[in-house]
Structure formats: C-alpha cells, structure tokens
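Peer 1: With chain S held as given, fit chain Z onto it using these hints.
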Amino acid sequence: MTISHKIAQKTKTFLIEIGELSFFASRYFKELFSKPFEFNELLLQCYKMGNKSLLLVGVTGFILGLVFTLQSRPTLMEFGAESWMPSMVSISIVRELGPVIIALICAGKLSSGIGAELGSMRVTEQIDAMEVSGTNPFKYLVVTRILAATLILPLLIIFGDTIALVGSALIENLKGDVSFQLYYNKVFNALKFSDIIPATIKSFFFGFAIGLVGCFKGYNCKKGTVGVGEASNSAVVYASMLLFVIDFIAVFISDIFFEI
Amino acid sequence: MNKITNIKPVLKIQNLKKSFGNNHVLNGFNMNLFEAENLVLMGKSGSGKSVMIKCVVGLMQPDTGTIEIMGKDISKLNQKEFNNLRSEIGFLFQGSALYDSMTVRENLEFPLRKFPEYASKSEKLVSEALENVGLSSAIDLMPEELSGGMKRRIALARAIILRPKIIIYDEPTTGLDPITSKEIIQLMKGIQQQFKTSSLIITHDVDCARVISNRMILLIDGINYMEGTFNDLSASKDKKVQEFFK
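From first to last, the protein sequence lines stand for chains S and Z.
Counting the first sequence from 1 gives a position; my numbering is that position plus 3.
Counting the second sequence from 1 gives a position; my numbering is that position plus 1066.
Derived from the structure by calculation, the hints contain no laboratory data.
Here the structure is a predicted model, which is why all the values come from computation and not from measurement.
Hints should not be assumed to be uniformly reliable.
[Stated by the list, open to error] Computed list of lysine-lysine pairs in DSSO-like fashion (alpha-carbon distance at most 30 Å, straight line):
hint, chain 1, residue 1, chain 2, residue 2
1, S, K142, Z, K1146
2, Z, K1180, S, K225
3, S, K38, Z, K1120
4, Z, K1190, S, K142
5, Z, K1146, S, K33
6, S, K33, Z, K1180
7, Z, K1120, S, K33
8, S, K38, Z, K1190
This is chain Z alone, in the form it adopts within the complex:
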C-alpha cells in the first residue's frame, strides 16, 4: 500500500449536515482526504455516502458545514470559479453515466469542450485516456455496444481525461462480476500510482476496500463512526463495525 507522504488535505469536510424533512442523513460528518491517498468510505445503504459526495461536487447543497477543495471553501466560490475547480475532480458514477447519444470519443471529449486550450490536444488526450484503461479499440463505439465492465472503464477514462487531482468513485465495482471487479480495482490502483491522484472511494465491497485503501472511514448514522486502516477496522470488536466485515 502507498504511504501518505504529504499531510496537506486536498478535500476537507467539516461538520457537514444534511436533512430531508425529518430524515437527518448527515449529522456533522468530518473528513480529510490527503494528497495521493486512497480513502475508502463504507456505510450501509441510506447512510449518507452518496449525499456526502453529491455535496462535494455541488449536486446538492448541505444544510450546514464547510467543504474545502484544494484549500478553497466551495460555498464562497461563484459558479465559474466552482466549475473551474470541478475540473480538478474526476467522478466515476455508479452506473457509469456515459452519454448514450454520443460515441466513446465524444464522451471523452465532452469534459474538454469548455477548455479552448485543449482543442488542439483533444485527439491525443482521448487516445491516452483510452490507452490507460486498455480500450483504445472502443473509440468509435456507442455506449450501448459496450459491456458493463467496458462502460465502467470508459467512464474512468472520462474521469481522468483532465488529469484531476481528486477522483471520487461511487461504488466502482457494484454490478460487476468478480473478475471484472478485480480488473477495475487494479485499474484504479494503477491510475492512482501513475497520476498520484487522491481517491475517495465509496464502496460496499470489502475486497475492494482491502486491496485499495490506505485509510477507511465507516459512516454510520450520518457521522464518521470509526476511522483507521483496513486492518484496524477489520480487527475491531465493535459490533456495528464487525457487521461490515462478516
């Protein structure tokens, strides 16, 4: 496993709260993601993991709390500044979320379109991103022609095309067979090592957490219930923690 070499957090979340009516999903969640770190966030369904990452990327507004990305408080940024900051974050959606009216090439070119400086380099960047996920031959295919694993790889290629400093993975192995899951996990590890990205990985997959995590957080009842390495957490005697590793 990689050692954390720098203690500067690239993503800092403090006292994050979010409720939907009387349903208090996040109750003061705190988290730091450090440079070149793989942080795994585990929690039951409905524990607020997806809400938390949606708050980070601006798809939802938290009720209270602060989110700092690369030292910038996102609540103090205007839309343009926030959109620029978003280019530092890659996001792998659970269902891949490829644009199904576009080819693989167009899917990968889409994040580049708002940066005129990439216009001349887009061909090269697309080829490199596809090489990184081992799917160069799929460049002119439509998403409907791809298998689940291939879609996940293409989505990963799209997430890394702008060379983000942070990649957020929302359940990257869900719905995939064990072999493809392992391939995706290895791919994630490879990308982290190649680009020195910080990764926040939301998963239920214990194998995935074991292989990839430098550190883990268990999210229970809207708070970070326990933090530590995989070994620390798996050895815990706490019943709520043990449920995850059974």
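Chain S extracted, bound-state conformation:
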C-alpha cells in the first residue's frame, strides 16, 4: 500500500467518523426535545459529574493561578508593572486559560469516563437489555449525559476560575504585600462583561463537546474489552481536539461581537 493510498484511507475513515458524529449529534437534538424526559437520571449525572470533578478542578485552578502569577511576576517587575498583575491574571484566566485548561482536564476525566462506562455497557449487552425492556437507551444514557456535561462544565469552569484567582491572590499577598481586598478590587475593575460572557458561552459548547464525544465513542464501542479501552482513549483525544477547534471558533466570533 502506497503512502498516498494510506493517507486517502485515513482521510476517508476520518470523514466517515465526522459524518457519524454529526448524525449522532443530530439524533441527540431530536431526542432532547421529545418525551419522556429522564429528569432523575439527568440530576444524577449532573451530581456525579459535578461532585466528582470538583476536587480535581479546584486543585487544577489553584495551581494554575499560583504558577501563572509566580511565572509572570519577574517579567512584570522588570518593566515596573507588577501593579498590573491582578488585571493580567484575571483577564487571562477568565477569558482563555481557565476555560480551556479546565475543559481539557474535564475531557480527560469526564469524556473518558463516559466512553468507558457506555462502552462497557455496550459490550456486556446492558444497552441491549435496556432496549429490550422498552426503554430508549439513547435517551436514558446519551441525552442525559451530554446535557449534564453541557450544564455542569460552565459551573466547574466558574469554580475553577475563582479558585485560580484565590491562588494568584495568595502569591501576590505573600510575595508582593498586596492585600486580598486590593487584589480583588483590581480584578473586578479589570474584568468586563465582554470577558465573562463569551467565556461562559463557550464553556457550554466545551461541555457539549466533552459529553458528545464520550457518548459517541462509548455508545458505538466495538465488541470486546479492547474496544472499551479504545473508546475511552479516543474519547479523550477527540474531545481535546474538538475543544481547541471550538475555542478557535469562539475566539473568532467573540472578536466580531466583542472588542477584545
């Protein structure tokens, strides 16, 4: 097989997968608005995704704020601009770093978790059992998980951003003798709605992408335990790639509607 043939084959496989993912997404929107609504399962998934990611997101956010402030300090000091630290850190974290890094962390945790869970249910015929019992497994398993991820991720990102700013404030307090009150005054003076709204909107799309890819990979998992591993692994890879694509589009659109 020649290299060009291999590239053509890979491209074809990739495009087929994109087509299947689009079909899967369209089925999600179709089923989302049709009865019956699985509220209990949705709440359970929201609780599981939110509660189980809280510590990870908190630690990540705290270290992000801490490290970002520590690394930026010497450069700002060189220009005598350390008083700009709260503004720079808060805008960077709220607009870009917080949403993207926390979404990537959640892609690793949630997308792979969903992929493995649904993949395992597929290979052990639990999804078939659900269908045979007259329950729509797509609605019960997929719609609830994608919706839960879409709703929970913005909350996790807001939580992570907040903790990141706490970490940053702590460093500024210890290293720069800046009081917490002064730090937060500067943060809130620097942040505008045009920083917060686009970031919040794109975090819904990040959540949707994480849920969608995890469910797609798990629900269509091929037979066998190897398939479960592959579903889990490829869910993380695809979700991470999709996050960057969404981020690029979001920044592009934000640039049109909000002056960055």
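Peer 2: Just chain Z now, with coordinates in the frame of chain S:
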C-alpha cells in the same frame, strides 16, 4: 415433559433472511413457537441463532421475512406499539446483562418504570420475582457482589417481572458449573410451569435441551435443518445432526 395444549403460535417467523456483506447468516429461517411450549434452538457458533433472536426483539432488522409476535407483524408496528409488545417478552442474556451501576432492586424495578400502573406495586413485584428465583436476600446487593449463577438468577427474575408470555433464553447455562447449570434449568422449568410461558431457548448444552425441550430445531447454514423432539433428533442418522449429540 409438558404437552402442547394449544396450537396457536405466540411467535411466528417466516422466511427470515439476514446477511452481513457476503456472509448470509439466515437464509429463509422459519419457526413457530406455541403457547406454553419450550422450544430449544441448537446450532453451531455463527449459525445465526443470536442474530435470529436479535431480530425478534428488534435489536437488529432482518433483510426480508416476517416476524409475528402474539399475532402482530412487528415490521408494521410503530416504536411505541413495539415497546408495549416487548413487555410481553422476557429476555435472558447470555452474560446476564445486569446494570452494574444499579442494585438488584433497581435492576428489577427498571422494566417497571415505563408502566405507571406498576408504581404502587413495584415493591411487591420485586419481592415476588426474587422469591421465584430464591434470592430474596440479595435485594440490596450490587451485581459485582453476586456470583455468576446468582447473576443469572437475578437476570431471570428481571426477565419475568412483567409476567411475559414469551421468554427468550440466550445460552442460559453457558459459563456456569454443572451444578449451577442444573439449578438454572430447574428454575426455567419451574417458571414455565408456574406462569405457562412459552420459552425459546438457545443452547449448546445437550443436557439442558434434553431436560427442558418439548421440541427442538437445529439451525444449520441459516435454515431450520431439522425439527422434532429431543428423542427424534438424537436418534437421527444424519451426520450433521449427530455431531450435536456426540
């Protein structure tokens, strides 16, 4: 063995065909399952047994052919009607297929959730189903805490909780030790006698077929190669049939 007292088929399959590319799995399979009958379907691995039952319960679509359940052609039903008809069918999966994130109680309650009329009776139905399989004490356990035989019993309890008219068993004794296999077979017999269900049993286990079958079908090359009682088939001189009883 039970005698077939009524000749009305509860499940009728005619000229069922299913292919995967060039692999023709079912080549015009025909079958009738009668009321209160235990019908055993035997065939080699890959002979199309699982494909056939997946077509019956709607997990796969046949290429051609008709499947009638309780006199209704399933291809002419909408999803809601088919889901209602599915409540007349219990399905015991080969690997039990218990929902591993749910307790035994929740597993058994799951098929009841789409029937509001069962909401007040679910506790009683769950207890009765567990009593029928002799595992009342396992009600709050998780599937991971159960042995293979216990899982199979709980799956059977879940299959009978809606009092289905038809139960499909997909290799009910596979992977179990001989003693547990015998217990499961006796349980299946007991359930059939208690609820007068019609059972379609897919198995490789000759002992299971001998004990439980009223009638048997051998599925070879995608068609019903031979039908008859266990004694008829085991006495057959046909080489392909003899292979199963060696």
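Peer 1: Run every hint past the structure and note whether it holds.
Peer 2: Cross-check of the supplied hints:
1. Restraint check for K142(S) and K1146(Z): satisfied, since their Cα atoms lie roughly 14 Å apart, inside the 30 Å limit.
2. This hinted pair checks out: K1180(Z) and K225(S) have alpha carbons roughly 29 Å apart, not beyond 30 Å.
3. Using a Cα cut-off of 30 Å, the hinted pair K38(S) and K1120(Z) holds, with the two alpha carbons roughly 26 Å apart.
4. Proximity of K1190(Z) to K142(S) is assessed by CA-CA distance (about 28 Å); at most 30 Å being required, the pair is judged to hold.
5. In summary, the hint linking K1146(Z) to K33(S) is supported, as the alpha carbons are separated by about 17 Å, within the 30 Å threshold.
6. Under the criterion of a C-alpha separation no larger than 30 Å, the hint pairing K33(S) with K1180(Z) is consistent with the structure, at around 20 Å.
7. Distance check on the hinted pair: K1120(Z) and K33(S) sit about 26 Å apart at the alpha-carbon level, within 30 Å; holds.
8. Among the hinted pairs, K38(S) with K1190(Z) is consistent with the structure: their alpha-carbon atoms are about 28 Å apart, no more than 30 Å.
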